[in-house]
Amino acid sequence: MTTATLSRWNRFRESFLWYSFKRDKVAIVSSIVLLLMVFAAVFAPLFAPTDPYDLAQIDIMNSELPPVGMSGADAAFPLGTDAQGRDMLSTILYGTRVSLLIGFGAVVLQAALGILFGLLAGYLGGRVDSILMRIADVQLSFSTLMVAIIVGAVFKASFGNLMFGEIAIYMLIFIIGVAEWPQIARTVRASVLAEKKKEYVDAAKVMGFRTNRIMFRHILPNTLSPIFVIATVQIANAIISEAALSFLGLGMPETQPSLGSLIKSGFDYIQSGSWWITLIPGLVLVVLVLVINLLGDWLRDVMNPRLYKG
Amino acid sequence: MLAFLVQRISQAVLVMFVISVIAFAIQDGLGDPLQEMVGMSVSMEEREALREELGLNDSMVVQYLRFAGNALQGDLGNSYFYGKPTLEVIAEHLPATLELVIGASLIIMFLSVPIGVYAAIRPQAWLAKFFMGVSTVGISIPVFLTAIVLIQIYSIGVTIEWFPEDTGWGRWLNGAFTTEGGLPSYGRGDELTHLFGTWYSGFFSTDGLMHLVLPCVSLASIMLPLFIRLIRAEMMEVLQSDYIRYARAKGLSSMRINFLHALKNTMLPVITVGGVQVGVMVAYTILTETVFQWPGVGLMFLEAITRSDIPLIVAYLMVVGLIFVITNTLVDLVYGLVNPTVKLTGKKA
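The listed protein sequences correspond, in order, to chains A and B.
Per this note's numbering, the very first residue in the first sequence carries number 1; after that it's consecutive.
Per this note's numbering, the very first residue in the second sequence carries number 1; after that it's consecutive.
Think of the hints as simulated: they come from the structure by calculation, not from any bench.
Every value quoted in this text rests on a predicted model; they were computed, and no experiment measured them.
Cβ atoms here follow ideal geometry from the backbone N, Cα and C, with glycine treated the same way.
Some hints here could point you the wrong way.
Far from chain A, by Cβ distances over 10 Å, these chain B residues were calculated [said to hold, decoys possible]:
hint, residue
1, Phe24
2, Ser59
3, Gly83
4, Pro114
5, Ile156
6, Thr178
7, Ala249
8, Phe259
9, Leu302
10, Ser308
For lysine to aspartate or glutamate, the following DMTMM-like pairs were computed, each having C-alpha atoms within a straight-line distance of at most 25 Å [stated by the list, open to error]:
hint, chain 1, residue 1, chain 2, residue 2
11, A, Lys196, A, Glu254
12, A, Lys205, A, Asp268
13, B, Lys129, A, Asp301
14, B, Lys84, B, Glu53
15, A, Lys205, A, Glu195
16, B, Lys129, B, Glu237
17, B, Lys129, A, Asp137
18, A, Lys25, A, Glu195
19, B, Lys129, A, Glu195
My request is simple: use the sequences and hints to build the entire structure.
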């Protein structure tokens, strides 16, 4: 068991991926920043000075305190407080956790849908292919954000505000996952089309394996690297979509805020001079999305076989 | 060509049909028109009679056909909130959104082409690298956040006191980063010029233009990086092609090669993507209009959601769907006309 994991680790250390990672400063810095943010968000209850979900810890007298370094700041609240007197640092840590959870969940869902439909379309071809890809085309031409806004709006109108707030996390994962599956499905389909002409697929067919087995056990593993690249970028997109939906009031409620709903609730106070309530979560959101995008760019450069020169 | 035309148009009709089915399903699933029309005191029998009269007991297919028939005649029901035909409400709000999109498109056109071309011709220049870096960051900034930052800087104003005020350079730096603010960040202003019908324009008065600046820049900011990257990538590919090398060998001036020969072939894919991006832009207008309280269809749609104004939501879906379908079909047709390499169906290659 140990030898197997060790050899896998060695294999990884000798791979082209690790080699190019060590030589790319942007990739190293972004992955460190991303790891730090994910770590801080996952263990938010340990790091956060207060629990923003706990009403007993909130004092309205502390509302709209500026971050440390400005006049009127309180050292207990390093990033200031929001309009309800919640500590900004804590709400941001918890908010990042919610945003990451939704982003990750949505990508898992769209990857499941995208892989399934992409494999079916690419391998079976014919009518299945044209119907699935037509749906994907139409959905993409409407733009995924628009689809997400409409689905969110319909859900909100049918569930009502309170009910929607309670199940918002699952709703958002569902909405964004369903809105963005065509991106992954198209990528999968393109690589399946290339793979299915290869000899190993013919061999598997001759050996009499069932279609399901050929699709999922033989072709799928060979299409994983483009899926991996696009899924990385899609996490960033999902986080932005979530923030946009929350900003429009179709996402997380203020009692359980994501980064998007923090920005939204802070925006109401920007005219009164409390810029930090909206701009600090905004900055965190931008940094998070930026490092994921940079890593995605790097992965695409490394994993794209056309650029592979190792 | 005719076969191509027929195919694309029948596809558009099919998509519109699907959209109308979805819109109908939303209307049917969400709203009970009876509840909106009558109070609590109306008896069960009366409700049932009214139900029958309104045709709510008919089969789904009959109800859908009635809905589609009315829609084709331009009747998408009355808005609960405004109390008048939904299409009229949309017509009142549409010009504001269109002006926002026009303004943003102008900014995108006048900035993305020169920057993209420059970055393609001189990929190693530091200015080109700077533009590409900024556009990578720009893609990661959500449009509502750009809008908020713009409001903070140019509407509210920023006072910077990071540098020592008692030294000359400190005062200068503080002054350089401090902004006055003062640009309007709310609505369209009240100096609008009446053009025709429901179109009141902000393009013809200073006040109207001032109100347009921040929303248009915000909306443009999300598309601009995409177009710069696209133009750069396409242009670099064109610059590699044989006919450009031939033109160089012939000794044509590089101005002429870059802007006449190369740019022409660069713009073709850019126009296609641009057409498709109109759809994406509509989604972003909802966000931009929310931030700036811009009285366009996006804000109207969001308000309709909070008010549960089902007919207005449905009408918005139908109108936006129609806009999408028309632009996409037009883009397809234009592309088929302009680019001879697109395979037209019904024509043997």
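Hint by hint, here is what the structure shows:
no. : hint                   : in the structure
1   : Phe24                  : 13 Å, holds
2   : Ser59                  : 23 Å, holds
3   : Gly83                  : 19 Å, holds
4   : Pro114                 : 24 Å, holds
5   : Ile156                 : 7 Å, violated
6   : Thr178                 : 14 Å, holds
7   : Ala249                 : 28 Å, holds
8   : Phe259                 : 30 Å, holds
9   : Leu302                 : 6 Å, violated
10  : Ser308                 : 5 Å, violated
11  : A:Lys196 with A:Glu254 : 49 Å, violated
12  : A:Lys205 with A:Asp268 : 62 Å, violated
13  : B:Lys129 with A:Asp301 : 17 Å, holds
14  : B:Lys84 with B:Glu53   : 21 Å, holds
15  : A:Lys205 with A:Glu195 : 13 Å, holds
16  : B:Lys129 with B:Glu237 : 18 Å, holds
17  : B:Lys129 with A:Asp137 : 33 Å, violated
18  : A:Lys25 with A:Glu195  : 34 Å, violated
19  : B:Lys129 with A:Glu195 : 37 Å, violated
When the structure is compared with the earlier hints, violations turn up for hints 5, 9, 10, 11, 12, 17, 18, 19 and for no others.
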